[in-house]
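Peer 1: Chain C is fixed; fit chains H and A with the ligands onto it per the hints.
The residues making up each chain are set out below.
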Amino acid sequence: MTITDLTSMGESQTELKKEINERLQRLQDEISDYCYQCAKCTSGCEAHKLLELEPHKIVALLKKGLIDEMVNSDVIWTCMSCFKCRERCPQNVAPVEVLFALKNIAVASGQQIPGNYTAMLQSVLSMGLLQEVKNVLTRDNKTVSRTNLGLPEVSKPTDHTKFQMMLSKIAVEKV
Amino acid sequence: MSNKIGVFVCHCGINIASTVDVKELVEYAKKLKGVIVSKDYKYMCSDVGGNLIKDSIKKNKLDGVVIACCSPRMHEHTFRGVVEAGGVNAFNLEIANIREQCSWAHDDKTRATEKAKALVRGAVSKAILLEPLERSKIEVTQKALVIGGGIAGIQAALDLAEEGHKVYLVEKTPSIGGRMAQLDKTFPTLDCSGCILTPKMMEINNHPNIELLSYSEIKSVEGSIGNYTVKVNKKAKFVDMDKCTGCGDCVEACRMKDHVNSEFDEGIGKRSSIYIPFPQAVPLKATIDKDNCLMLKRGKCGTGALCVEACEAKAINFKQKDEEVEIKVGAILVATGYDLLDPTSLYEYGYDHSKDVITSLQMERLISTSGPTNGEIIRPSNGDKPKSITYILCVGSRDEKECTWCCRIGCMSALKHVYLLKEKLGDDIEMNVCYTDIRSFGKGYEEFYRKIRSMNTNFFRGRPSEVRNLGDHLTIDIFDTTTNKLFEINTDLVVLVPALIPRVDSDDFARKLRISQSGDGFLLEAHPKLRPMDTFTGGIFIAGCCQAPKDIQDSVAQASGAAARAANILSKKVLEAEPLISYVDEDYCSGCSTCISVCAYNAIELVKREDDKQLAKVNEALCMGCGACVASCPSGAMQQKGFKDYQLKPMIEETV
Amino acid sequence: MKKYAVYPGCVMPTEQYAYEMSIREIMPHLDIELVDLKGFSCCSEPIKSVNQMLTLALSARNIAIAEKEELDIFAPCPMCHLALSDCKRVLDTNLMMNKRVNSYLTDEGLKYTGTAEIVSILDLLHDIVGIDKIKEKVKKPLKDLKTATHYGCHLIRPSEIGRSDDAENPQKMENILKTIGAKPEYYPEKLDCCGALLTANLPESALTKTGQKLQRVQEQEFDAFIDTCPWCHRQYDSKQIKAGETVAAKLEVPVLYLTQLLGISMGIPKEKLGLNLNLSPIEKLNLGGKKT
Ligand code: SF4
Ligand code: SF4
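Protein sequences appear in the order of chains C, H and A. Take 1 as the starting number for the first sequence in our numbering and just add one per residue. Take 176 as the starting number for the second sequence in our numbering and just add one per residue. Take 832 as the starting number for the third sequence in our numbering and just add one per residue.
One chain only, chain C, in its complex shape (with noise of 0.2 Å):
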């Protein structure tokens, strides 16, 4: 048997909560199910006046299995990791890792990665950090590098080849 979300005709993956539940485990999270839709994580969010991200839905449709949805959305993509929200949930349930999650698969199952995150992906392929060392300006106006201010040498990996091999073995992992 199975329940229907009438609305998208979305169906409970219940494999994928099985596969996101243990993934929270994994990571020493407590599972979603324990939430009771107190709301105070959303009552709180940084993101939910702004973006309208609601953490206590994210987590309710964790609980009934309608992933699809949220995979599919941006929603998921303005949450600002401020933590507040798994901070304070009563039932020790942390919306922002279920986000994170959320976050990962979509990225998994190909769906587009929005904004810059891509470019601070390939910076860190490249040269292991997420951008160039900058030249920065002063107060004055004057554009300062790190050696004109006297700092050592960024460090960085060393055997870029072998950093760069054991990225591209994780790209296809997840938690």
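Derived from the structure by calculation, the hints contain no laboratory data. Glycine included, C-beta positions come from ideal geometry on N, C-alpha and C. A hint or two may mislead.
Calculated lysine-lysine pairs in the DSBU-like style (CA-CA distance at most 35 Å, straight line) [said to hold, decoys possible]:
| no. | chain 1 | residue 1 | chain 2 | residue 2 |
| --- | --- | --- | --- | --- |
| 1 | H | K618 | C | K49 |
| 2 | H | K576 | A | K1021 |
| 3 | H | K560 | A | K977 |
| 4 | A | K1103 | C | K156 |
| 5 | C | K63 | A | K1103 |
| 6 | A | K974 | C | K142 |
| 7 | A | K1081 | C | K134 |
| 8 | A | K1115 | C | K49 |
| 9 | C | K49 | A | K1081 |
| 10 | A | K1021 | C | K162 |
| 11 | A | K1021 | H | K530 |
| 12 | H | K618 | C | K63 |
| 13 | A | K869 | C | K174 |
| 14 | C | K134 | A | K834 |
| 15 | H | K597 | C | K49 |
| 16 | A | K964 | C | K156 |
| 17 | C | K142 | A | K968 |
| 18 | A | K930 | C | K174 |
| 19 | C | K156 | A | K834 |
| 20 | H | K410 | H | K472 |
| 21 | H | K660 | C | K18 |
| 22 | H | K418 | H | K406 |
| 23 | C | K49 | H | K530 |
| 24 | A | K1073 | H | K660 |
| 25 | C | K49 | A | K977 |
| 26 | C | K17 | H | K660 |
| 27 | A | K942 | C | K18 |
| 28 | C | K134 | A | K1115 |
| 29 | C | K63 | H | K704 |
Listed next, with one range per pair, are the computed distances between beta-carbon atoms [as the list claims (entries may be wrong)]:
| no. | chain 1 | residue 1 | chain 2 | residue 2 | range |
| --- | --- | --- | --- | --- | --- |
| 30 | C | Y36 | H | G474 | 51 to 59 Å |
| 31 | C | Q112 | H | N659 | 26 to 34 Å |
| 32 | A | D938 | H | V679 | 55 to 63 Å |
| 33 | A | D862 | C | Q112 | 46 to 54 Å |
| 34 | C | E19 | A | K1014 | 47 to 55 Å |
Peer 2: Coordinates of chains H and A with the ligands only, in the frame set by chain C:
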């Protein structure tokens, strides 16, 4: 040695018979050494079953009985009575548990039957070796101690006193009344709390069988069921109880008047250093709080103690000392109540940042006409009348980080406040209630909730994440799951409904009484369904919120129940003690005291024999027969009657 | 002298130079020796949304580099500190994850063993160096500087992952600020997020979050806004004008790293603390000594 044993196999309807071949078992038992008769019946625990056993005993002149049936926890007691009535010593009975340990645990009938045979075989081999035992007699001190003078303690004390027992009622604070005395009205009937409580308090005061020890604490408890010796510390009140008339002149005169936080008013109101907690206090006597009295703290109060000057009865006595009294009772009833969770542990709700964030109990004191504002509702920060009041429910309740349990009174007390506040402040007062679930489970509760729903109140189904103090008002964001909208509530007064927690000193207290606590810290009942007022320690009973959060009606019901349980003991002059206890074989005991360290009931002590040999000795009144000492004894000197090594060994060999 | 491998992360060493300069300046005065190691990479916390396995592996990799030198790690960036601490928590409690993650590190000859301790800027200043030591080193106490503290979400939440201060009532920055003579005051928005992590895909929203908080700080007339995170600082200081534009407000809030203010109170010259790199109006403050 028994050599005429009867084996009786019960079908337990089909509980046993569907998995164990009862007929085969009966035939098998007949062939066992020592067995001279074996029978089966559908329900051995019924009257017919009992008669069958009794008749067989008489007819076959049996001297030992084995019953193969359910767990001894269920019917051992019944069956001991049956065999005794039949003429065999009650302790020449052995139960073979072929239900919980066999039929319920297995499906395969052939193998289950084999296992049942093994269990019966073992039981018979032990029954052969069992000795008749006599129950010893304990004389009962027919008096009771009730600890805690809240509504549960009051009810229990009155019930026991009415039964004709002398009752000592020990209360920690200067007056009885407890939490209920702090309340204005009670839900769902809106009875005036004081009006229904004070008559009972007066009864306590006047009852010839009740001796009230107020401002007193339990120091130690020794003894066991029927005979407890309790040391009580009567804290110095620095006021002579016989002289004090309760006029309150000293309270008015005190130099510290309005300077000390009033516990009774939950810190919202102030009192003097010498005080009478509330006008209907019992006993109506003044008490000096030594931590805040200038005279007692500094040895000097201005040019002279004003209370002494004011007291016409000359009752004040700064030299008074704590006094230790020893009382002897047969049963103890614990009704020590609860504490409230300090809401600062949910820091996000701003209890620390604004005086206008208060607890529901503080609100209760504001509502109360005898409270610090004479019933006027104000914002503590500036004394203004609030135009908007917001309740947050489940503060720390149902919370894995704080208290995992439901407080059982929060929802109803908030609904009650809505009613009372509307009544006091008019319908214009904006009332907001942030709830997760409204739990209105008691008689008349749901009907009360329905009434409140019609009272122009904003219910938000959701929980705020934080309360912010914006100086002149407080602001709360709340996502309401009924409308799926985020609301901003700007409000004057926030009322937190905090979790109910065990008394902060309950660990110590439980240790003193040698009673158990559940994981949450509340006192543990012996069985949640069938023995909810008993503890595991014979003669000690619990009632009210010390066992778990509950409302007044449940506390009163439990108190009367616990009193009845205590009266069970107190109404008897003599109790019979279970003889299945430990004893020491002096020849083997080396006096190592290992057993003393494992005994949870302090039942063993080290004594010197005439020849100076150190020996363990079991106090028969204290031993509960748990067997811990027997298992720990390195030399095998400690034995338990009915479970001696030589009785158990053949049983094990035969069974496995 | 206590020794730590300094794990710089990405944002600090590629653009938030003021943080790095002030840290490198003050630590030796506080008897902390910072050791630079070769080979570090991003901790990958900022791209955890893409693949969390990557975050675990790269965090483990960085810890392993320090472990090889038998050094504890000082991670000035709260986000790095969270990533490394979370990785440690998972790998130290789950053997299966430990094995899996370690299997990625073998090619580079690294192994996560769990021996290194990971300390944050507040752990280091408040708990390891300690208030007493800081007090000793103060030469020019700040006077009457009404400061708003901003801890940064990752430094205090989630508390299950051993954070540096209480999640709801953090006080360590306040304690340090009081020690150097400033006057930290409570404000209701203290625990709010800067929004920086939205920069990757929703930069406007990120700036709105930044602007909203600063606006409230400005309304409450704080003299200065003090932070400890290069991500937050980039929002509040480097992008303050833009943040103001998003919320239609003219923002003029001086923003400084805690380490910069500490350096000033210790009498270290401004240039060495990178004060020249703060783009917020810090000239409003009469820094560099007692008000005259
Ligand atoms: S705070 Fe926790 S329990 Fe409440 S709705 Fe959010 S996830 Fe569920
Ligand atoms: S971590 Fe994300 S979902 Fe949780 S409160 Fe912050 S922004 Fe909202």
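Peer 1: So which of those numbered hints doesn't the model satisfy?
Peer 2: Of the numbered hints, 1, 5, 10 do not hold.
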